[in-house]
Structure formats: C-alpha cells, structure tokens
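Participant: Sequence:
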Amino acid sequence: MSQEPKKKNTEKRVPKGDITYKVSLTEEQRDVKRECFNYKINIITGDAGTSKTFTACQIALDMLFKRQIDRITIMRPTVATEDIGFMPGDSRSKMEGWVIPVIENFKTLYDKNKIEKLLEEETIRILPLQFCQGVTFYNELTLLDEGQNCTKEQMNMVMTRVGRGSTLLITGDMRQNQLKNKSLSRFKELLDLQGKTSLIGFHELKENYRDPVVREVLELYNK
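In this note's numbering, the protein residues as written are 42 to 264.
These aren't lab readings, by the way, just hints derived from the structure by calculation. Some hints could be false.
To be verified - Result set (SDA-like, lysine to any residue): computed pairs, CA atoms no more than 25 Å apart in a straight line:
hint	residue 1	residue 2
1	Lys63	Asn50
2	Lys81	Leu234
3	Lys153	Asp59
4	Lys107	Leu66
5	Lys74	Glu248
6	Lys153	Thr67
7	Lys155	Tyr179
8	Lys247	Leu150
9	Lys223	Phe243
Said to hold, decoys possible - Listed next, with one range per pair, are the computed distances between beta-carbon atoms:
hint	residue 1	residue 2	range
10	Phe172	Arg75	24 to 34 Å
11	Lys221	Val55	42 to 52 Å
12	Glu137	Arg108	19 to 29 Å
13	Arg108	Glu161	13 to 23 Å
Quick reminder that beta carbons are idealized off the backbone N, C-alpha and C, glycines included.
From just these sequences and the hints, can you work out the full model?
Facilitator: Written out as structure tokens, the structure is:
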C-alpha cells in the first residue's frame, strides 16, 4: 500500500512574483496554461510542432517552483509497449532515451544545471509506465507525454494513480500514433469524453512553431 510522503517543497516559502524562464510562452500557450489550473486532469492536443510538451513542461515547472507540488513525475510510453527490462542501468537510465524531448524542454525553459540537480534529487522523476501499478501520486504533477501511444490498460492505470494534491497532465496527437497495432491506442476514447465530463480539461494548441514545410507536409498527409 502506498504511503503519503512528507511534504517538502510545498512547505517552503512561496516566491514572490512570476518565475523567470529563458523562453516565454505565446498568448495561446498562456491561455492553455491558465485553463489547466482549473482541473486535476488535463489533456493537451495539437499537431506535431504545436509545442504541446513545451507548454506542459512550463506548467509543471511553474507548479514546482511556486510550491504547489513536491515533485514532477515524467512518463512516456516506450512505443509498441515493448519491455525495457533487458536494458542496463536503473529506471532513469533505461528511460532517458525515451524522455529526452521532455528533459530538453525543461532545459530550454530553465537553467540546465538546476534541472540536472532536480533530476539527481528525483524532484523531477522519470517513471516507466510498467512500474506505475500500485503507486499513488501525492502532491505532484504527473506528465504523461505522447499519450496517443498508450494502450487502454496503460491509460487506465495512469489515470487512477492521482492522489491528494496531485495533477495529471497528458499530451498527445492521434496522428502521431506509433504503436505497431494502432488500434490498441485508447487516446481517442479519452478525447471522446470531451463534453461528457466537467472533471477533465481539454485544450488544443493550433499554432505551429516548426518550419512552414511541416505544416504543408501535415496537410498533404491528412488529406
């Protein structure tokens, strides 16, 4: 049985004013960030290049630095749901390759050395999905990136881990489903809950920040 850990970060003095980041959010991203604070569970969607993960990372850091949570937990499906147990090292070293985009976004937003220290202290924790069973998240933000690559069982497991004082933030885009059997993804079923519940926040990013060729390629592929 999971035991609620002692509060640490949330007991510290709350800093005055806004947190200063190396890169600021756009108006669209700020709107999504503001809306996310109204829900315990949030889903951020958008095409490739709309900065879903970037926005989610700033939300997570903001809650951490403003003492609203004790820890950030990062999870990302290992695509095709394969077992990573054969890989050498601890859970962090095994998962680092999968979560590089998340960590790099943290370092883009804030001091690289500070982020590395938070990772070493496990104030920012990397957790493989298969290790979630039986875990309850207390006073933390859980960031599930690339949610479209989650099976029904994985999605159900993650969404039922939320404990007191915690927030779940899921990013995803069905068009980027990388599962070998694409029908195993249950992200669309999650999106279909929009309008059926007031307990989950659904947010879509539309502005693309990559080269214009990305937008053209997406339009061609999605015809």
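Participant: Work down the list of hints and note, for each, if the structure agrees.
Facilitator: Results of checking the hints against the structure:
no. : hint                          : in the structure
1   : Lys63 <-> Asn50               : 22 Å, holds
2   : Lys81 <-> Leu234              : 15 Å, holds
3   : Lys153 <-> Asp59              : 19 Å, holds
4   : Lys107 <-> Leu66              : 17 Å, holds
5   : Lys74 <-> Glu248              : 15 Å, holds
6   : Lys153 <-> Thr67              : 22 Å, holds
7   : Lys155 <-> Tyr179             : 23 Å, holds
8   : Lys247 <-> Leu150             : 21 Å, holds
9   : Lys223 <-> Phe243             : 22 Å, holds
10  : Phe172 <-> Arg75: 24 to 34 Å  : 33 Å, holds
11  : Lys221 <-> Val55: 42 to 52 Å  : 46 Å, holds
12  : Glu137 <-> Arg108: 19 to 29 Å : 27 Å, holds
13  : Arg108 <-> Glu161: 13 to 23 Å : 20 Å, holds
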